[in-house]
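If you follow the hints, you should be able to join the two separate chains into one complex; please do so.
So the protein lines, in turn, are chains A and B. The numbers in numbering that gives the first Met the number 0 rise by one with no breaks, and the one at position 48 of the first sequence is 47. The numbers in numbering that gives the first Met the number 0 rise by one with no breaks, and the one at position 111 of the second sequence is 110.
In short, the hints are calculated from the structure, not lab data. Among the hints, erroneous ones may be present.
[As the list claims (entries may be wrong)] Calculated pairs, DSS-like style, for lysine-lysine (alpha carbon to alpha carbon, straight line, at most 30 Å):
no.: 1; chain 1: A; residue 1: Lys145; chain 2: A; residue 2: Lys18
no.: 2; chain 1: A; residue 1: Lys14; chain 2: A; residue 2: Lys30
no.: 3; chain 1: A; residue 1: Lys7; chain 2: A; residue 2: Lys30
no.: 4; chain 1: A; residue 1: Lys24; chain 2: A; residue 2: Lys147
no.: 5; chain 1: B; residue 1: Lys123; chain 2: A; residue 2: Lys147
no.: 6; chain 1: A; residue 1: Lys7; chain 2: A; residue 2: Lys18
no.: 7; chain 1: B; residue 1: Lys4; chain 2: A; residue 2: Lys152
no.: 8; chain 1: A; residue 1: Lys145; chain 2: A; residue 2: Lys30
no.: 9; chain 1: A; residue 1: Lys152; chain 2: B; residue 2: Lys130
[Stated by the list, open to error] Derived list of chain A stretches under chain B, where covered just means 3 residues or more per stretch with a C-beta under 8 Å from a C-beta of chain B:
no.: 10; stretch: 30-42
no.: 11; stretch: 47-56
no.: 12; stretch: 223-229
no.: 13; stretch: 233-242
[What the hints assert, rightly or not] Label-pair distances were calculated between CB atoms; the ranges are:
no.: 14; chain 1: A; residue 1: Lys147; chain 2: B; residue 2: Ala109; range: 24 to 30 Å
no.: 15; chain 1: A; residue 1: Arg129; chain 2: B; residue 2: Ala93; range: 43 to 49 Å
no.: 16; chain 1: A; residue 1: Ser181; chain 2: B; residue 2: Asp111; range: 42 to 48 Å
no.: 17; chain 1: B; residue 1: Ala116; chain 2: A; residue 2: Pro189; range: 31 to 37 Å
no.: 18; chain 1: B; residue 1: Asp111; chain 2: A; residue 2: Ile19; range: 45 to 51 Å
no.: 19; chain 1: B; residue 1: Arg120; chain 2: A; residue 2: Ser134; range: 48 to 54 Å
no.: 20; chain 1: B; residue 1: Ser18; chain 2: A; residue 2: Ala155; range: 27 to 33 Å
For each residue, glycine too, the CB sits at the ideal point set by N, CA and C.
Letter by letter, the chains look like this.
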Amino acid sequence: MPNLKDLKVRIDSVKSTRKITSAMKMVAAAKLRRAQEQAEASRPYAQRMERMLGSLAAAAAGQAGAPQLLAGSGAEQTHLVVVATADRGLCGGFNSSIVREARRLVRSLVSDGKTVKILCVGRKGRDQLRRDFGSMIVDTIEDVAKPKLSFDKAAAIGTRIVTMFAAGEFDVCTMIYAEFRSAISQIVTPQQLIPFAPPKAQKKQGDGEEAPEDGLNGAVYEYEPGEEEILTELLPTNISVQVFKALLENAASEHGARMTAMDNATRNAGDMINRLTLVYNRTRQAAITGELIEIISAKEAM
Amino acid sequence: MAEGKVSFELVSPERLLLSEEVDMVEVPGEEGDFGVLARHAPLISTLRPGVIKVHDGGSVTQRIFVAGGFAEVTPTRCTVLAEEALPIGEIDRAAAEQRLSDARDDLLDAQDAIRQAAAERQVKIAEELLKAAG
Chain A
0 MPNLKDLKVR IDSVKSTRKI TSAMKMVAAA KLRRAQEQAE ASRPYAQRME RMLGSLAAAA
60 AGQAGAPQLL AGSGAEQTHL VVVATADRGL CGGFNSSIVR EARRLVRSLV SDGKTVKILC
120 VGRKGRDQLR RDFGSMIVDT IEDVAKPKLS FDKAAAIGTR IVTMFAAGEF DVCTMIYAEF
180 RSAISQIVTP QQLIPFAPPK AQKKQGDGEE APEDGLNGAV YEYEPGEEEI LTELLPTNIS
240 VQVFKALLEN AASEHGARMT AMDNATRNAG DMINRLTLVY NRTRQAAITG ELIEIISAKE
300 AM
Chain B
0 MAEGKVSFEL VSPERLLLSE EVDMVEVPGE EGDFGVLARH APLISTLRPG VIKVHDGGSV
60 TQRIFVAGGF AEVTPTRCTV LAEEALPIGE IDRAAAEQRL SDARDDLLDA QDAIRQAAAE
120 RQVKIAEELL KAAG
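For reference, chain B alone in the conformation it holds in the complex (with noise of 0.2 Å):
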């Protein structure tokens, strides 16, 4: 592995959509974005809807959303399970604002507590989505 670098993996439940050595990841934590260079201290953390930028050869080289997961750092790499990714590039609008308008219609008609905090997180996902698409 090369001096400095992290290998940042990206994996949805369906596949391994990213693999590869990158100067720096920066990524959505629940309590905040941080970003992830080599040696960095042993971490876990919840990720909440956002984008995750990758850093290399001094810019940003790739862009991709993910809906929520979980993010495991360790010294020499970076693995961030997604629920949902998607690159940045490959946001249908029309659809992410039908999905926000869906789940609004959700969260208006959540009848108990659970059925309703599901429904905040769609509305939260999609209006992420949204931003993110610019």
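Same shape as in the complex, but just chain A (with noise of 0.2 Å):
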């Protein structure tokens, strides 16, 4: 039989673990709604960057002199894996399943007789790839979103990306994120940054022979100063940019996966209440009718 006292303070503790979840779910919540406006709100700049770059990258593609971040080095030998996750944890299975994408694309492409090096963004995502991966992992990032997730951030990351890959210390970079679809609905992705893969629906169109838009009818950008220089400038912001949404994206996603958890988290603290105080009732009640019929025992024996 349970003691009582012991009933007591577990319910108690219990309690006070449910109003800390339910707290984090309401600022979960609150996150999430900041970081779904933000996202949508960076949407116009990389829609329109990406429109930009499929007219240009049409154009410049299969030309020798081609810029390398879009044509790719011509090796496939080093692999940088970008892997983006949250600085904390208590966002169920947010960071967990971002890393085993990782660790899977990870494991592929070392039995491909690949170089891989790790470039973490966010806490959790380094420590846990540190246990498999650790002499892969070339840096971490930390605090990206700290106090907000900001372009210049997003801008620094992809600058170093950049320059890694001009110093020649890999061929082919992707980013692992998780795509945000909804609070309970999240799905990792993984992007190739480098070189530039145009996106799938321009891809169907292919050639370069792409149906014109609004008012174009068919005529040819002229470029100014010319292609390749635009180019050259265009590609690694593109890169920043594409850093910047995913970043968005990731937010959003761990806001997401956070109220989710946390709101199970409180769901199951009360059944757990429940539980327990239905023990504790009957505790109290057994000891009561135990005391009776003590004293009613006693009193018939005198």
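So this is what it looks like as structure tokens:
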């Protein structure tokens, strides 16, 4: 028979846990809304960038002098995997599912005989990957979302990736992050950053013979200064933009995942309190009944 | 869309700053300023630090400083992707001066060619920003 006092202590502790998880859920919900707004606000830039780059890339692809960021360095030996996770835990399977995908990718690359380097964005990713692939982690970038996720921070990461590429430290760069669908669904997405892979929708049209859009009537763009100069500026910027987009998606996903996880935790805590209270009351009644029997039998014996 | 108007959009990575129908936009292109009217030939250009002037109804309605970026022009629209954009009225002179002196310090400290180029760019942006502040 459980001790009454122990039960009481236990119920109180679960109650305070519930208080914490429900507060965390509320905070996550508020942050999620903000993160979502930020992600939506950044979408126009990324879309227009993509449109511009699509038409430029179609024009420049296959030319001998195409920049390496577009055409690749000609080798596929060394891969850089950028793993974007959260800095903090307590958000359900969010970090683990990103790390799982990263592990899978790294293992398959290694078994193909490639050299792999890992760049972690977010503490949790590093913590989980360090054990298996400690020697491959080149660096960890922390606290990207503190105090606020800004384009400058994403640009710093982007510049770093481009500088490493320019120094010949890797040939192919893939970034893994969680794309935000809804608070209960985040999709882990690997995205190739270098060489530039045109979005799938454009790939189908192929061969640079894209359907002209809004008033262009098949006219070709003029480029100022030149195609190549623009590409050499546009491609690194695009990488920063892609990183920024991924980080925003990730932030929204993280808060969404945390909100769901904390919602579950709050509900579970409630269930547990109910169960424990039931046991507590039963025990109390049993104790009273026991005492009554004692009193009555004592009286009868007199 | 109104005849003879250009739909002008100014976008920064963080948000859409401006989207309106105007008569003409003056954009600081890498190889010189250019004005965009309706039915302009399709053009993609990089930008240098400078001021975008929005003309509407015969006068300049807005002046916006941009630190660089890209412009895409089609016969019906003009889209500017700016890395940093600030309406002229909101430029803080003291902050701009501070930025210029910081950038100059960075230029002196620059170790390698890449950093030097980046610092030079920052100096140029800060100079233009000050100039724009008037």
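Checked hints:
no., hint, verdict
1, A:Lys145 x A:Lys18, "holds, 25 Å"
2, A:Lys14 x A:Lys30, "holds, 24 Å"
3, A:Lys7 x A:Lys30, "violated, 35 Å"
4, A:Lys24 x A:Lys147, "holds, 20 Å"
5, B:Lys123 x A:Lys147, "holds, 27 Å"
6, A:Lys7 x A:Lys18, "holds, 17 Å"
7, B:Lys4 x A:Lys152, "violated, 37 Å"
8, A:Lys145 x A:Lys30, "holds, 13 Å"
9, A:Lys152 x B:Lys130, "holds, 27 Å"
10, 30-42, "holds (count 3)"
11, 47-56, "holds (count 6)"
12, 223-229, "holds (count 4)"
13, 233-242, "holds (count 4)"
14, A:Lys147 x B:Ala109: 24 to 30 Å, "holds, 29 Å"
15, A:Arg129 x B:Ala93: 43 to 49 Å, "holds, 46 Å"
16, A:Ser181 x B:Asp111: 42 to 48 Å, "holds, 46 Å"
17, B:Ala116 x A:Pro189: 31 to 37 Å, "holds, 32 Å"
18, B:Asp111 x A:Ile19: 45 to 51 Å, "holds, 50 Å"
19, B:Arg120 x A:Ser134: 48 to 54 Å, "violated, 36 Å"
20, B:Ser18 x A:Ala155: 27 to 33 Å, "holds, 29 Å"
Hint compliance for this structure: hints 3, 7, 19 are not met, and every other hint is.
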